[in-house]
Amino acid sequence: MSEIAAAKLTKKDFQSDQDVRWCPGCGDYVILATVQKMMPELGVPRENIVFVSGIGCSSRFPYYMNTYGFHTIHGRAPAIATGLKTTRPELMVWVVTGDGDALSIGGNHFIHVLRRNVDVKILLFNNRIYGLTKGQASPTSELGKKAKSTPYGTIDAPFNPIQLALGAGAGFVARTSDADTAHMSDVLRRVATHRGAAFVEILQNCNVFNDEAFDSFYAKDVRDERSIKVEHGKPLTYAGGKKGLRIVDGQPRIVDLASAGSTNGAAGACEEGAMVWDEKSSASAAFALASCTAPDFPEPFGVLRAVERPLHHELELAQGRSVRQKAGDGDLAKLLAAGDTWTIG
Amino acid sequence: MATTRVGTNGARGIQEVPTVTIRFCGDSGDGMQFTGSEFTRVSAMAGNDLQTLPDFPAEIRAPAGTLAGVSGFQVQFSSAPVFTPGDQPEILVAMNPAALKTNLEDLVHGGMLILNTGAFNEQNLRKAGYAKSPLEDGSLSRYKVHSIDISKLTATALESSGLSSREVERAKNMFALGMMLWMYSRPTEPTIRFIQSKFASKPGIADANEKALKAGWNFGETTEMFQPSIVKPASLPAGRYRSISGNEATALGIVAVSELSGLTMFLGTYPITPASDILHELSKHKNFRIVTFQAEDEIAAIGAALGASFGGNLGVTTTSGPGVALMQETISLGVMAELPLLVINIQRGGPSTGLPTKTEQADLLQAMYGRNGEAPVPVLASCGPADCFDAVIEAARLAIRHMTPVILLSDGFIANGQEPWRFPDPKDLEKIDVKFRTDPVGFQAYLRDPATLARPWVRPGTPGLEHRIGGIEKQDVTGNISYDPENHEHMVRLRADKTARIARDIPPLAVEGPASGDLLVVGWGSTRGTIQQAVKDLRARGRSIAHVHLRHLNPLPSDLPAVMKCYRKVVMPEMNMGQLRQVVRAATLVDVHGINKIKGKPFRVSELVSAFEEHLS
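Residue numbers (the numbering used here), protein chains in the order written: chain D, 658 to 1002; chain G, 8 to 624.
Chain D extracted, bound-state conformation (with noise of 0.2 Å):
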């Protein structure tokens, strides 16, 4: 009944009664337009999907979501979706993050859930400031980044989300924006049909506390400059077909693809110039690719890694099967007279 149900599901019926409490103008308000609006092609019966969040402006999210939810503590919540995971398989589950959230508080679980493999999709919207504690700097803000905690700018250099996701063995890493919507649509849903852990970093622009913290390369008339779109199997190719990036011994390297020799064709360039992108080949060469940042490189947006590991949840069925299979189903009465018993009267 319930799939039949979920063939027919609109972006309405994933629309909470709850009202929206984000600042007018938040970049929250387009992903979760965008996520509501993917989710019913999907074909997941709305009562099998929960979403887990920590806390943060972004954490609000799973009261807007009319799907199961758990608002939950500070950094915490992929340990809770791991819980939820292991003893629900069937349940698909989605963890909503901010950057302070789960690269501050939560840094600790956040590198955990990555290695283990738990099949949660991990969405982290990533301001580069702390907006419901009323903008201090965050673990991505710029070095220098002047906030309110750091009148004279801060003194920390930032997390790069996507190579620390990579580093902790993430099998899917993916970046995207909350200023390009089609390309959102595209990412969510390869994170939605992967099998495992799935880690997407939203660029989101907080107009309160950073307004433009993107612009300077994702704003429309420098986008195609600044940034580059990463697609499987497709050159990595910018600003029009005219540059493309190469990684050459571990380190990104741009190739100017118009004064390469070649014609105008960017097809014909990438192929000598430009490199293909593989998103199932090493860690080292998504770590290079991520590596790229504004203003020297292009910015990459795009699925940066995609490969499939061994799901922690299986893993932990099969231990029960094998255990059931070796020893028998539990018995209780066995296990309590286990070992050396002996009989009094």
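In short, the hints are calculated from the structure, not lab data. Being a predicted model, the structure only gives us computed values, none of them experimental. Just so you know, even glycine gets a beta-carbon here, dropped at the ideal spot from N, CA and C. One should not assume that every hint holds.
Listed next, the stretches of chain D that the computed footprint assigns to chain G, with coverage defined by at least 3 CB atoms under 8 Å from CB atoms of chain G [unchecked claim]:
#1 694-704
#2 718-727
#3 743-754
#4 964-978
#5 990-999
Since the structure of chain D is already known, use the hints to place chain G on it.
Showing chain G alone in chain D's frame:
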């Protein structure tokens, strides 16, 4: 308890002895825990009642031969019911000078001292701080000393074994065990079988240990150095028994909860002394509905457990005081989200890292008040190794029935201590009733059961009941976010009421002793056996004294004030500065007097007897 010789057994000259307390002690590398538990196992199978007290350093291998590296294992075994591991050993087996130095003061005057003279060399004597060998300076004259070169005798027995001198040296504990088995007329076969299976992959080591064990047994037989004795089986209630430690019983209790409730039990935990053995035991039993998860830290451990509970199974976490400190925020979330959750704290000496391998009862106030805001949580305590099994089931029952996190306090003393357990037939255990809401009609996430005030438990995956919960204050009934001042006060009072109502489920208190009189001893947790024995001894001397032991610490049993008022005076022994006393005084305005010991060691019966005497006079 003093050994009383009660006549001899004719031709073989075997003396019958009612009760014996032995302590094995040596360097932490000498295998004293293994020796002690094996002696215990054999005694248990012989039908004795018994209790044990392992005592070991926090370091895995402190420098050999030093005072800090001494490890001990004490067991009291008897033909009568035993309530404690014994105050003071009558027999002390000391494998080196450091063990002698740190343990001698506990040996009863006139007690037997068995010394491995092979370890009494100049270097070891110096490490133990002896200027002169105690074997020669007459300082041991008040004891019956047996000086035996166990090291050399073991080496001689293993001359042709082909093992290294280090491996030979490590078998000397089996020689000592062999002697003690002979002394108490025990067979060696069960131990030989155990050795062979334990070292199955190392046949050379297995054979060496077996040989050393037999050599020790034969040494007893041949030299006639010791009076052979026997401790007859105890007249315990009829039934089938096994030996059990508190941590094992806790793990088995968790399995039982799964069987009784039909739920998967999810243990999220992080290794910590003295709780880790629960994980070790439970992780073996994955042929039951058991999932064990060794998390990245205690916060993740309890978080994952709460996630499992949100999913409609029962999350449990096992830890010690420092772990609970990290878990409190998640316990708070459990209080707010009104989800069942089981938090088991095997208390140890604190604060901070404190005394990791020693026992204490100083986490009660942390359990009751250690969270931000008004966050009441039911708190229970287990009071003996075998009792941990029942306590876990009771805690889980309350968590599910009342939709709340429950904290169960155990401690290092009962976690590692062993006793015989008349284990139940699972058919006799009461099922745990679990109700999931499935009906969407009229559903509200915080609609309450009128009797318990519990909200409905909904498994995600149930169509039509999709809802969101979280840590922000809830509007009553709907569960929606609410910052309304009236609602907040209402919810705070409601959560308090919900916890207080659990008292309705608590059975009337069972008082041991007269229903009124001079002195009532109120205890909780691992002090039960010691209090029981002390109260029994004093009643035998005609004193008017009774004992009541609390399982439920929050809420308190509703009949506690009435019971306390039947006695002239109320005392409460605790291994802390008086934490439950403070709670009980505040709740009942009864002037409870404290008897407090904070040494990382359990009370002795004699300590309580004299403290009670003081209050009686």
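Hint numbers not upheld by this structure, sorted from lowest to highest: Hints that this structure does not satisfy do not exist here, as all of them hold.
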